[in-house]
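Asks: The chain contents come next:
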Amino acid sequence: MINIRKRLADTGFGVLALMVFVLSAFPVYWMVSTSFLPNNRIRGENLAFFPTPDVFTLDNYRAAIFSPRAPFAPAVLNSIGVTFLTLVIALVVGFVASLALTRFQFKGRRTFIVLILVVQMIPGEAMIISMFRIIDGWQLLNTIIGLTLVYTAGVLPFTIWTLRGFVNGVPKELEEAAMIDGCSRAGAFWRVTFPLLAPGLVATGVFAFIQAWNEFVTALVIMQRPEAMTLPLWLRTFVQATQATNWGAVMAASVLIAIPAVIFFLIVQGRMTGGLVSGAVKG
Amino acid sequence: MSSTLLDAPAPPRQEIRRKRRPPYLPWLLLSATMVLLGVLTGFPLVRLVVMSFQEYERAQLMGLPAEWVGFDNYAAILTDVDGFWTVLARSFVLMVVLVVVTIVLGMLVALLMMRVGKAMRLLVSVGLLLAWAMPSLAATTVWGWLFDTQYGVVNNLLTKITGDRWFGYSWLLDPLSFFVIVTCIVVWGAVPFVAFTLYAGLTQIPEEVIEAAQLDGASAFQRFRLIQLPYVRSIVTVLVVLSMIWDLKLFTQVFVLQDIGGDRELTSTIGVYIYQTGMAQGHYGVASAIGVIFVIVMLAIAYPYVRRTLREEEL
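The listed protein sequences correspond, in order, to chains S and P. Using this note's numbering, the letters of the first sequence correspond one by one to residues 1 to 283. Using this note's numbering, the letters of the second sequence correspond one by one to residues 1 to 315.
Worth flagging that the hints you see were computed from the coordinates, not collected in a lab. Keep in mind that a hint or two might mislead.
[Unchecked claim] Derived EDC-like pairs (lysine to aspartate or glutamate); straight-line CA-CA distance at most 20 Å:
{"no.": "1", "chain 1": "P", "residue 1": "Lys118", "chain 2": "P", "residue 2": "Glu207"}
{"no.": "2", "chain 1": "P", "residue 1": "Lys249", "chain 2": "P", "residue 2": "Asp259"}
{"no.": "3", "chain 1": "S", "residue 1": "Lys172", "chain 2": "P", "residue 2": "Asp259"}
{"no.": "4", "chain 1": "P", "residue 1": "Lys249", "chain 2": "P", "residue 2": "Glu265"}
{"no.": "5", "chain 1": "S", "residue 1": "Lys6", "chain 2": "P", "residue 2": "Asp164"}
{"no.": "6", "chain 1": "P", "residue 1": "Lys118", "chain 2": "S", "residue 2": "Asp10"}
{"no.": "7", "chain 1": "S", "residue 1": "Lys107", "chain 2": "P", "residue 2": "Glu313"}
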């Protein structure tokens, strides 16, 4: 009796799990599937649920990439440029700052850490107006430099905070042991601590990458000219309702934007939940 | 190894540290951060406050000097019941709904992951990771397509299931169903983080505790309420505060759904409202004042989280 009941419950929970999988994966599947389907199988009641070889097409990607309304190539170059610069600057600046906050005892250290935490909580959405005026005043509207500056300041607090955790994870004693063995301070750092920090740097860098790659509001305000658009703004031009939306092209464009973000995200996702739990389960 | 061997080098070690570390070195390392945050966070914040006390319209953009108007902008906002207060109330109600739905669903999924076997758990994880990794803008376009008026798969399936004709039914035109779709997008993207975090927390509960309760005859619900929930309570608190912050800042999803076909007047949340008032209509002074209020609200919400983090890090 109990056995049958347990098996029934197991099946029930299995079905539930399957439903969770379908609900979370379906929109992603639908995006990819639609992007490979011709218009006559997207529109109308004769919907295709799978891009079988007889209907498979790359037309949507062609339509997206060669769209006359918004050129793809400059958008890609802008996005790559801004993302790469943000990543590099935020990592270098954030790394030396995290060293100062972990390896040194000095007056004002605690205040600085509190400040970093507070700054992280200020919503960028609230400051778009003054940011727009300031970047305009510096003649940096519609430039990669202008957007990079805003993005770097945006991701920096998070970068410092995360790297601080990683540096704290490498015991000082390792470095000191190397120094006793005759290493210089810098040598001990480069040969002992830095290699141990590499995974942390990669993870933090990937988060900076994803944030800059996906950012929308600031780009909307600062990059207004068509040739200055980043990829999110480029994608938006496809859904601005002036005429019937070409959903096949929109889905192709969405896939193009999502691919780098998804790949990089999957590389580092394990570190995301780990941090919160290790600090919070103390009870 | 004897303890004397370990203790011996201690004095010279301290000497090295003292000699090689001039007091200005940490500030030198922090200088780039201070410049960047000072110029690109501090200055905009000050400028925002300044502009909120000025008459700043399109004319000022062209170079006309901005006049000081004291608290006029604030007075205009705080008496604007149909505009500002409605938007603020809408944002808060939406935030509460989003947080509750996200946390409850996240907890249920986490419990489900505890209950099912390895293979099913892997399957659920794969689905959740996909949803989590999607950029919010791409997620919005996809959900916009799912609920498309003419050809959306939702209308298509509803027609097949109910037998009524759903083609041509617009989900975005009505503010209520507009926000149902916003909720779908946000919850879909946010549940994975909550579920994974709670699952990681739940797995750290010692098995003996649960088993003991089971032997004492506690039902599944009792085990959840009396054992599992108290164990992960601190995680839930952090997740709630973080979700509140993220959901109140909501911009991309609302803004782009409005592009696809919503009514901007009836669906704007606070971030979108700032953009509309400032960038679209050119009332930069008023928009700055709203921005200042927004910053204050956010910091007030984040305050307990900041305090908690500082306590936990033992700073």
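Asks: If a hint holds in the structure, say so; if it doesn't, say that too.
Replies: How the hints compare with the structure:
Between P/Lys118 and P/Glu207, the direct Cα distance comes to roughly 17 Å. Compliance with the 20 Å bound is thereby established for this hinted pair. In summary, the hint linking P/Lys249 to P/Asp259 is supported, as the alpha carbons are separated by about 18 Å, within the 20 Å threshold. Taking the CA atoms of S/Lys172 and P/Asp259, the gap is near 53 Å; set against the 20 Å cutoff, the hint is violated. For the given pair, P/Lys249 sits about 18 Å from P/Glu265 by alpha-carbon distance, which is consistent with the 20 Å threshold.
Distance restraint check for S/Lys6 and P/Asp164: the Cα-Cα separation of roughly 40 Å exceeds the 20 Å cut-off, and the hinted pair is therefore not satisfied. Using a Cα cut-off of 20 Å, the hinted pair P/Lys118 and S/Asp10 holds, with the two alpha carbons roughly 13 Å apart. For a cut-off of 20 Å, the pair hint linking S/Lys107 to P/Glu313 stands: about 18 Å separates their Cα positions.
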